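K.L.:
Using the hints, position chain L against chain A.
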Amino acid sequence: MRREVPLLICAIVGFTLIIVYFVPHPPFSDMRDLFSDWFSVIAAFAIYLGILNLLKNSVDKVFRKRSGWGFSIVIIAGFVLFVFIGLYEGSDFGEIGTRYYWLYDRIYFPLMATMFAILAFFIGSASYRAFRARNVEATVLLLAAFFVMLGRVPIGYYLTSWLPEGWRMGDVANAIMTYPQMAGQRAVMIGIALGIVSTSLRIILGIERTFLGGE
Amino acid sequence: MHPSPDIGIWIGGLLTLGIFSFLYGDNPYYKFCEALFVGVSAGHWFITLFWTVFIPKLLGNIGIAIHTFRTEGFAAGMSDYMHWSYIFGGILGFLMILRLFPKIGWISRWSLAFVVGTTAGYYFINYLVSNGLMQIQKTILPLTSVGNIILVVGTFCGLIYFFFSKEHKGAFGGLARVGIWFLMITFGASFGYTVMSRMSLLIGRMDYIFGIWLGMIR
Chain A
760 MRREVPLLIC AIVGFTLIIV YFVPHPPFSD MRDLFSDWFS VIAAFAIYLG ILNLLKNSVD
820 KVFRKRSGWG FSIVIIAGFV LFVFIGLYEG SDFGEIGTRY YWLYDRIYFP LMATMFAILA
880 FFIGSASYRA FRARNVEATV LLLAAFFVML GRVPIGYYLT SWLPEGWRMG DVANAIMTYP
940 QMAGQRAVMI GIALGIVSTS LRIILGIERT FLGGE
Chain L
5 MHPSPDIGIW IGGLLTLGIF SFLYGDNPYY KFCEALFVGV SAGHWFITLF WTVFIPKLLG
65 NIGIAIHTFR TEGFAAGMSD YMHWSYIFGG ILGFLMILRL FPKIGWISRW SLAFVVGTTA
125 GYYFINYLVS NGLMQIQKTI LPLTSVGNII LVVGTFCGLI YFFFSKEHKG AFGGLARVGI
185 WFLMITFGAS FGYTVMSRMS LLIGRMDYIF GIWLGMIR
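Top line first, the protein sequences correspond to chains A and L.
Count along the first sequence from 1, add 759, and you get the number used in the working numbering.
Count along the second sequence from 1, add 4, and you get the number used in the working numbering.
The hints are simulated quantities; they were obtained by calculation from the structure and are not laboratory data.
Please read all numbers here as calculations on a predicted model, not as lab measurements.
Check the hints yourself; a few may be wrong.
[To be verified] Derived DSBU-like pairs (lysine-lysine); straight-line CA-CA distance at most 35 Å:
no., chain 1, residue 1, chain 2, residue 2
1, L, Lys-142, L, Lys-170
2, A, Lys-824, L, Lys-107
3, L, Lys-107, A, Lys-820
4, L, Lys-35, A, Lys-815
5, L, Lys-35, A, Lys-824
6, L, Lys-35, A, Lys-820
7, A, Lys-815, L, Lys-107
8, L, Lys-173, L, Lys-142
Chain A extracted, bound-state conformation (with noise of 0.2 Å):
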């Protein structure tokens, strides 16, 4: 029951959904939408999950008034906040204009936006550090980047626009990313499909069975 049933959902699943691709007819493609849907609900219940422990450690740590314990105290405000507002909206939550909409324009996106904003220091400070043209691979990554960013931004078209067209350094970022980025890109991808499809047939056949855990 602890391994067989799993492996044996992973496996009718896995076919059918490769048979929907050759067969894409009913009932086939009647249980592609069918098992689309429950994926989103699983998905939904797998994040509520996460929730529901984020709750859990944050109350368990206000009980027992552990170190920190204030800041849990507004996570479990900042999550009743929302819910409750969202829940109060109704479907259309979302919608300009309405409360839910206020507060996540006014608390949730300038949060998220400079959480990912302050990466650009970060980011910054780390390749200072890190990056050195000590061989020909680093010069030419160096290289690229150094093309492609002075080429997405004004100075760099000012820098060179005494050049011809086609030389300048917008150009030269475009002539990067259109063919040796591309190329490179071209062998990841299929690479990674290669690695995809092999590691995919390898868990439906019940090969790899590492996400059943130990036991």
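P.N.:
Positioned in the frame of chain A, the structure of chain L alone reads:
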């Protein structure tokens, strides 16, 4: 300087500054904003999934099934019966929650197996077609221009580099080395793009602070 009179803009501005304060060092102001971000993110995803998945896909379909049974009884068609099957989806989802209880947590493997099986079946075809076959098809080009030659040679040499069953020596090693150069250009360009996207976000936040909030720039 014309600061915004909108209290919401002030809240957004203060939270933005709170996150930026981490650049000075870890501090209670940042920790408050970080905890708030964690809480509101959890709340946002809870509500989004509730109204976009839980209600329409699960309860909506089960509701249709109950309604059809009440009005038509056993005379309902096969497609109407399909709505009942969403109960299994709900049960599989609920089994996932059992992971919180160690003694019966193993049952959640059934839901996990469904997710893994669906992903494997879906990816098997999609990656094979779009990332594999279509990329190969687009790479097989006539060698009539410098661009096409770069694309064909770069992709071929990149794939040679990823072939680890043969030692990278001699002519094979030379091709693999050329492949590394192409991969380095790809990584460099990706790095440049990532930096530029973060810079764009940073400019957006600066515009928010100095333009929308404090009214120092137009």
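K.L.:
Taking the numbered hints from earlier one at a time, note which ones the structure violates and give those numbers from smallest to largest.
P.N.:
none
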